[in-house]
Amino acid sequence: MKRREFYINLVITIILWGSAFVGIRYTMGNITPGSMALLRFTIASITILPFFILSKNKVFPKKDIKLFLLSGFLGFFLYNIALNMGEEIVTAGVASFLISSLTIFTGIFSAIFLKERLGLFGWIGIILSFIGIGIISLSEDDILSINYGAILVIIAAISSSLYMILQKNLIKKYGSLNSLVWSIWSGTLFMLIYLPNLIDEIKVVKSSTIAAIVYLGIFPASLAYFTWNRALELSDSATKTSTALYFTPLTVIVMEWLILNEYPKSSSLLGGFFVLLGVYISTKGKKDE
Numbered sequence: 001m002k003r004r005e006f007y008i009n010l011v012i013t014i015i016l017w018g019s020a021f022v023g024i025r026y027t028m029g030n031i032t033p034g035s036m037a038l039l040r041f042t043i044a045s046i047t048i049l050p051f052f053i054l055s056k057n058k059v060f061p062k063k064d065i066k067l068f069l070l071s072g073f074l075g076f077f078l079y080n081i082a083l084n085m086g087e088e089i090v091t092a093g094v095a096s097f098l099i100s101s102l103t104i105f106t107g108i109f110s111a112i113f114l115k116e117r118l119g120l121f122g123w124i125g126i127i128l129s130f131i132g133i134g135i136i137s138l139s140e141d142d143i144l145s146i147n148y149g150a151i152l153v154i155i156a157a158i159s160s161s162l163y164m165i166l167q168k169n170l171i172k173k174y175g176s177l178n179s180l181v182w183s184i185w186s187g188t189l190f191m192l193i194y195l196p197n198l199i200d201e202i203k204v205v206k207s208s209t210i211a212a213i214v215y216l217g218i219f220p221a222s223l224a225y226f227t228w229n230r231a232l233e234l235s236d237s238a239t240k241t242s243t244a245l246y247f248t249p250l251t252v253i254v255m256e257w258l259i260l261n262e263y264p265k266s267s268s269l270l271g272g273f274f275v276l277l278g279v280y281i282s283t284k285g286k287k288d289e
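Numbering (our numbering), first residue to last: 1 to 289.
It is worth saying that the hints were derived from the structure and are not from the lab.
These numbers were taken from a predicted model, which means no experiment stands behind them.
In the EDC-like style, the derived pairs of lysine to aspartate or glutamate whose C-alpha atoms are separated by at most 16 angstroms in a straight line are:
1) 173 <-> 233
2) 172 <-> 64
3) 173 <-> 64
4) 172 <-> 233
5) 2 <-> 233
Just need the whole structure built from these sequences, with the hints factored in.
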């Protein structure tokens, strides 16, 4: 039963987070990255509040409040600001390929902080993924030109991988709901620096953009993070669980083609292939070992 629940939560997460890349790309150009993040996670914070109030196991993590502030900063503030800024430049599909590399970074940090063993295949996977990241990070038009949008998304991936390491330990102590709620609220707190901008922009933002942000706040930001935390809670390895996210780019490519009429360049698809191949080899090797 737990195994089935694990996969259900994982599939829901993949679909909703896939739609998030497309939703973010859709809103960029109509609202600035910081204002979008603040509005989105204000909605998410409100959405998750009733679940927290009704929970019988809600706690105030006084002893670990600094860890939750760090978790919120890495997993919500830095991740979303960097991703939003990155998607002003790169397509949703490219962003999803690069975010998939968070599995590689999670593996590296898990080896350092959680003492999880990487092994030979783990290192081969890391090398292949970094080759893919390099291909994507160089523009297709000029091999000497670095795509700074890709660099920003990589920063988001690194930030998210550190968040996952923190969450694995916090979830064990506080449970998935408490860990999610306090991390979201902490991240949103940091986003308040963008409040003056949001107040100015909200007056002129298109209604379709607002609708997209409301969706992003309720589903990918609230429900998906809860299902993801629940999947982590049911898993025995942060690395293995995050590996499943390499299916997300396939979902994103289909959705961005249908909704945005965009498609990754051939060089980005090649780079994405190397990233996903590296993720697969790293995880498969870890499982076999």
